[in-house]
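As they're listed, the protein sequences go chains A and B.
All the letters of the first sequence, read from the start, carry residue numbers 1 to 471 under the UniProt record's numbering.
All the letters of the second sequence, read from the start, carry residue numbers 1 to 399 under the UniProt record's numbering.
If you're looking for bench data, these hints aren't it; they were derived computationally from the structure.
We put the CB at the ideal spot given by N, CA and C, even for glycine.
There could be a bad hint or two in this list.
Claimed, not checked - If you only want the chain B side, here are some residues facing chain A, beta carbon under 8 Å, derived:
1. Phe138
2. Ala139
3. Gly141
4. Arg174
5. Gly178
6. Ser179
7. Gly181
Claimed, not checked - Listed next, the stretches of chain A that the computed footprint assigns to chain B, with coverage defined by at least 3 CB atoms under 8 Å from CB atoms of chain B:
8. 193 to 199
9. 335 to 348
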Amino acid sequence: MSFRYSARRLRPQGLAVLSSRAQPFVRAPTWQCRGVASTANAEKVLFPGALNSEFTSKLEFLQPSKSKDAISTYRCLNQYGEVIDKKMGADTTDGEALELYKNMVKLSVMDLLMFEAQRQGRLSFYMVSAGEEGIAIGSASALHPSDVIFTQYRESGVYLQRGFTLAQFMNQLFANSSDNGLGRNMPVHYGSKELNIHTISSTLATQIPHAAGAAYALKLQNQGIVGRIGAPASSTDTKEVERVAVCFFGEGAASEGDFHAALNIAATREVPCIFICRNNGYAISTPTSDQYRGDGIASRGAGYGISTLRVDGNDIFAVRHAVKRARELALQDGGRPVLIEAMAYRVGHHSTSDDSFAYRARVEVEDWKRRDNPITRLRKWLEGRGVWDDAKEKELRSGTRKEVLKAFEEAEKAKKPSIKNAFTDVWENITEEQRAHMEEMNDILKRYPKEYDLEGYEGGAKGLEELLVKK
Amino acid sequence: MAARSPALRTLSRSLLRPQSIRPSHPHSRCYSAAAAGARLNVPLEYDSTPLLHHTSKAALANPELPEHVRKGQTKRINLYTAVNEALRHALQTDERVLVFGEDIQFGGVFRCTMNLAADFGTERVFNTPLSEQGLVGFAIGAAAEGLRPVAEVQFADYVFPAFDQIHNEAAKYRYRSGSTGVHCGGLTIRMPCGSVGHGALYHTQSPEALFTHTPGLRVVVPRSPVQAKGLLLASIRTADPVLFMEPKILYRAAVEQVPVDAYELPLDKAEVLKTGKDVTIISYGTPLYTCSAAIAAAEKDFGCSVELIDLRTIYPWDRETVLNSVKKTGRAIVVHESMMNAGVGAEVAATIQEQAFLRLEAPVKRVAGWATHTGLVFEKIIIPDVTRVYDAIKKTIEY
Numbered sequence: 001m002s003f004r005y006s007a008r009r010l011r012p013q014g015l016a017v018l019s020s021r022a023q024p025f026v027r028a029p030t031w032q033c034r035g036v037a038s039t040a041n042a043e044k045v046l047f048p049g050a051l052n053s054e055f056t057s058k059l060e061f062l063q064p065s066k067s068k069d070a071i072s073t074y075r076c077l078n079q080y081g082e083v084i085d086k087k088m089g090a091d092t093t094d095g096e097a098l099e100l101y102k103n104m105v106k107l108s109v110m111d112l113l114m115f116e117a118q119r120q121g122r123l124s125f126y127m128v129s130a131g132e133e134g135i136a137i138g139s140a141s142a143l144h145p146s147d148v149i150f151t152q153y154r155e156s157g158v159y160l161q162r163g164f165t166l167a168q169f170m171n172q173l174f175a176n177s178s179d180n181g182l183g184r185n186m187p188v189h190y191g192s193k194e195l196n197i198h199t200i201s202s203t204l205a206t207q208i209p210h211a212a213g214a215a216y217a218l219k220l221q222n223q224g225i226v227g228r229i230g231a232p233a234s235s236t237d238t239k240e241v242e243r244v245a246v247c248f249f250g251e252g253a254a255s256e257g258d259f260h261a262a263l264n265i266a267a268t269r270e271v272p273c274i275f276i277c278r279n280n281g282y283a284i285s286t287p288t289s290d291q292y293r294g295d296g297i298a299s300r301g302a303g304y305g306i307s308t309l310r311v312d313g314n315d316i317f318a319v320r321h322a323v324k325r326a327r328e329l330a331l332q333d334g335g336r337p338v339l340i341e342a343m344a345y346r347v348g349h350h351s352t353s354d355d356s357f358a359y360r361a362r363v364e365v366e367d368w369k370r371r372d373n374p375i376t377r378l379r380k381w382l383e384g385r386g387v388w389d390d391a392k393e394k395e396l397r398s399g400t401r402k403e404v405l406k407a408f409e410e411a412e413k414a415k416k417p418s419i420k421n422a423f424t425d426v427w428e429n430i431t432e433e434q435r436a437h438m439e440e441m442n443d444i445l446k447r448y449p450k451e452y453d454l455e456g457y458e459g460g461a462k463g464l465e466e467l468l469v470k471k
Numbered sequence: 001m002a003a004r005s006p007a008l009r010t011l012s013r014s015l016l017r018p019q020s021i022r023p024s025h026p027h028s029r030c031y032s033a034a035a036a037g038a039r040l041n042v043p044l045e046y047d048s049t050p051l052l053h054h055t056s057k058a059a060l061a062n063p064e065l066p067e068h069v070r071k072g073q074t075k076r077i078n079l080y081t082a083v084n085e086a087l088r089h090a091l092q093t094d095e096r097v098l099v100f101g102e103d104i105q106f107g108g109v110f111r112c113t114m115n116l117a118a119d120f121g122t123e124r125v126f127n128t129p130l131s132e133q134g135l136v137g138f139a140i141g142a143a144a145e146g147l148r149p150v151a152e153v154q155f156a157d158y159v160f161p162a163f164d165q166i167h168n169e170a171a172k173y174r175y176r177s178g179s180t181g182v183h184c185g186g187l188t189i190r191m192p193c194g195s196v197g198h199g200a201l202y203h204t205q206s207p208e209a210l211f212t213h214t215p216g217l218r219v220v221v222p223r224s225p226v227q228a229k230g231l232l233l234a235s236i237r238t239a240d241p242v243l244f245m246e247p248k249i250l251y252r253a254a255v256e257q258v259p260v261d262a263y264e265l266p267l268d269k270a271e272v273l274k275t276g277k278d279v280t281i282i283s284y285g286t287p288l289y290t291c292s293a294a295i296a297a298a299e300k301d302f303g304c305s306v307e308l309i310d311l312r313t314i315y316p317w318d319r320e321t322v323l324n325s326v327k328k329t330g331r332a333i334v335v336h337e338s339m340m341n342a343g344v345g346a347e348v349a350a351t352i353q354e355q356a357f358l359r360l361e362a363p364v365k366r367v368a369g370w371a372t373h374t375g376l377v378f379e380k381i382i383i384p385d386v387t388r389v390y391d392a393i394k395k396t397i398e399y
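Take the sequences, apply the hints, and build the full model.
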């Protein structure tokens with residue numbers, strides 16, 4: 001690494017010497033460090049890499065924080081559903097809180113049924129959000145609908161809160177002809193242009209630098225350097241709001257190089273981006289003790305020069321307060337990134353391809369389910385306010401169940417997308433090579449019709465033809 | 001530490017300065033002197049090569065140029081200046097265009113972004129931290145939100161940290177977004193590539209073949225200033241992500257008359273540089289100059305006639321032009337710097353074998369880098385040279 005670095009610096013040096021006369025005047029940005037040499041008895045070092053560092057004669061290594069002084073976890077509701085800081089309050093109306101509650105229940109009911117459907121072989125794959133409903137739904141509710149969101153895969157609640165319908169979820173899960181992804185992605189890889197949420201990809205952490213780049217695009221639009229691009233905010237909004245980008249990822253994904261790259265470039269380009277880490281204790285089977293040795297993900301924020309907060313992910317009000325404040329901070333002074341680490345426990349298995357009891361005790365999971373959970377905590381608050389009871393709960397759950405099953409059955413019955421969608425959208429237009437491949441495939445389909453079952457696809461085995469005639 | 005004496009400083013600076021770009025020898029490769037008695041492997045004559053437009057008339061005769069450009073003026077510039085002009089025009093005409101990368105702001109280590117930060121502001125032309133995966137990922141996100149970022153990777157040799165972002169993200173963005181229609185097609189990734197005489201392992205590579213194995217990407221390699229300008233502008237404006245690989249040895253060496261006005265060149269067309277009837281040579285980028293020199297010698301020595309094709313766009317590539325030529329000549333040679341196995345030559349040769357089998361009178365020959373790394377002092381025996389292309393023509397026509 002060091003050699004590579006030095007090798008790369010050789011050229012510019014040589015070139016700079018050569019053309020120093022032709023050197024243009026480049027406006028020095030305000031953040032640029034200046035390498036002013038220090039005087040003999042100065043208090044500060046003035047090395048360009050750390051301008052504010054003071055001399056010390058004590059040889060003392062900076063030690064990582066010990067357990068007793070780990071970064072605090074911000075909470076608003078205690079486990080009994082009582083608001084702790086009365087002044088700050090829940091900052092929500094009963095009606096609004098009820099909607100959040102209903103969405104959390106809807107998500108958990110959908111998760112239970114879909115997990116079961118996968119076990120019956122009716123879906124190829126599924127991932128539940130159990131224990132993390134509050135993070136997704138709480139943060140989505142604190143954002144503006146036109147804010148741009150990038151997710152990892154355990155944020156179905158973000159889609160739900162923004163208005164993704166049960167039919168849309170089911171269409172994607174069954175990869176049918178109404179699926180936004182045109183049947184190309186694995187289940188749970190949702191995407192929606194109307195809701196300003198980019199389509200999920202399986203590659204972990206790759207979306208984190210995307211969010212930084214998208215936030216830069218939004219910054220230029222917020223500042224009017226570039227005209228506004230894309231769909232306007234929701235129809236109820238008449239005036240254009242300043243927008244932020246929001247990026248979700250797990251604590252495991254934060255070990256990827258893309259996390260480092262993204263937070264660093266977000267800080268140097270001063271982008272309005274909120275990074276939300278769901279720290280649920282596990283990355284598949286890997287506990288956090290094998291993932292990192294610092295104080296979680298939050299402790300890294302300061303290293304990048306990013307405002308950071310750790311929040312109780314089981315407390316939807318705390319999540320909302322945190323994200324609302326983060327949004328204000330992100331838009332301050334033209335833009336800057338903010339990091340939120342939302343603490344949670346992954347109650348469910350990693351996915352339907354995982355049996356988590358192979359690496360953690362069943363009792364540990366049961367304990368978490370019983371002890372604390374974002375849904376029951378909000379329910380306690382609602383009950384405390386006298387707006388919720390057992391009867392309503394029963395009615396909500398059975399009603400939701402019926403709704404999910406109805407959408408499920410309809411989506412399951414629908415046809416798969418036309419097979420032309422296997423080839424379209426790779427490039428903007430079909431290439432000559434692709435056309436040749438489609439012709440060859442079409443010929444195979446014609447001559448070996450019994451080898452392919454394409455009845456379930458729109459247009460059946462003739463799907464490619466419609467693309468081939470269109471020249 | 002004691003301050004260095006001025007004499008020592010001057011000495012160390014002159015040692016650090018890469019010899020190839022000394023202003024006193026701008027057009028020759030003085031670091032690799034020809035062997036005494038060499039007739040084929042002599043320094044390339046960029047000043048007289050027929051591949052470059054030495055007159056304004058020749059430059060404007062190109063039928064691919066729009067009418068108004070053909071009526072306009074030309075200016076003698078080198079390849080980095082052509083890149084700079086394309087970037088300048090893109091920045092001027094489209095507010096969505098951004099230019100960024102490592103060391104971009106002061107003009108770039110190869111001078112391609114000279115004066116752009118000063119003229120367009122550091123909001124649109126800026127340095128990024130030293131992280132290829134970061135800056136390419138950042139570019140993808142900006143493109144997915146509708147901007148047209150032109151990201152630079154300082155050397156093609158350092159594109160690999162961004163391989164995941166390019167292969168799994170940029171290339172698949174439109175496909176996986178399905179009917180939502182979201183894509184990152186505004187993205188262009190520029191990178192200097194190819195041999196430079198003394199680049200050794202990590203300043204020499206031509207990794208284009210790795211990206212021609214990825215559906216969804218366009219891979220472009222210009223051979224001259226005229227092409228660099230037209231193809232880069234087309235790359236920035238196309239709605240597909242493009243990897244634009246600039247042969248760095250040509251940055252200063254290739255100088256020609258270039259139309260002053262902006263223009264685009266097609267991203268899916270090869271160019272027949274010289275017609276012939278006995279053998280077709282297919283290449284792209286720097287080796288075209290090697291081929292041109294080898295062809296001149298071979299035609300003189302063997303009385304043969306060689307057709308030379310510049311692929312220009314490596315993927316998706318123009319099969320039709322290549323096949324039409326090979327069907328006419330019956331013989332083909334593919335030349336590129338990167339190693340032979342699974343290189344671009346493999347794809348071109350396989351396509352010729354499939355589509356022109358009955359017209360072939362000799363096996364398709366590949367002249368490419370050997371299956372090794374480019375060790376510093378061994379470059380001249382690893383990268384295809386005039387002798388090897390000359391010999392390939394000889395063997396192919398004598399087969």
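Status of the hints after comparison with the structure:
1. Phe138: holds (4 Å)
2. Ala139: holds (6 Å)
3. Gly141: Given a least distance of 3 Å, the restraint on glycine 141 of chain B holds.
4. Arg174: holds (5 Å)
5. Gly178: Constraint on glycine 178 of chain B satisfied, holds at 4 Å.
6. Ser179: holds (5 Å)
7. Gly181: This hint holds: glycine 181 of chain B lies near chain A, its Cβ roughly 6 Å from the closest one there, short of 8 Å.
8. 193 to 199: holds (count 3)
9. 335 to 348: Violated - the stretch 335 to 348 of chain A has 0 residues with a Cβ nearer than 8 Å to chain B, which falls short of three.
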